[in-house]
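Chemist: Whatever position you read off the sequence shown (first residue = 1), add 7 for the working numbering.
Quick caveat, the hints were computed from the structure, so don't treat them as lab data.
None of these values were measured; they are calculated from a predicted model.
Even glycine gets a Cβ: it sits at the ideal position worked out from N, Cα and C.
It is possible that part of the hints are untrue.
[To be verified] So the derived label-pair ranges between C-beta atoms look like this:
#: 1; residue 1: F124; residue 2: R77; range: 20 to 30 Å
#: 2; residue 1: H63; residue 2: S94; range: 51 to 61 Å
#: 3; residue 1: H50; residue 2: A103; range: 47 to 57 Å
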Amino acid sequence: MCLLTKTIRCEVTPKPLQGYESPQHEAAAFDALWRAHLGDCVHRKLPRKLDLRRPHYRDIREYGVPIQRRVSLILDNFNELCEKLTSHEPGAMERALFKDLYSRVSIQKDDGNLLGFTSRTFIAGFPFRRMTGTCWSSQVTWTVC
């Protein structure tokens, strides 16, 4: 099987995804990427490309998968792959997933004014129960895409 992305023939997975524990894991990661790029049947008009050297020229509008849909498909496919690989662990599936999570934090400055921060994450995972054990909060890390 080969992966075609914008007429570039790709026979192997990208370098950051190589070196898994087994060839089956690497093939599953390759399949997850393939389903996100080629397995999607939704094509919409993409925004026009602007060339700064020729601002008066209007390029032909292309059809393709919108970037937000492509990113969410890749994250969903890899999340499904992680669930498949860790489903045999007893406590791995006891968590909640949130998609398109917006978080807003207000911090009061020394002069009394409020400073607001807004962040957006695509997928965040949290356990149902508090983690037990004697680990410090600096040792616990979550992967947020």
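Chemist: Would you mind marking each hint as holding or not holding in the structure?
Modeler: Cross-check of the supplied hints:
{"no.": "1", "hint": "F124 with R77: 20 to 30 Å", "result": "holds, 27 Å"}
{"no.": "2", "hint": "H63 with S94: 51 to 61 Å", "result": "holds, 56 Å"}
{"no.": "3", "hint": "H50 with A103: 47 to 57 Å", "result": "violated, 33 Å"}
The structure is inconsistent with hint 3 alone, although it conforms to all the rest.
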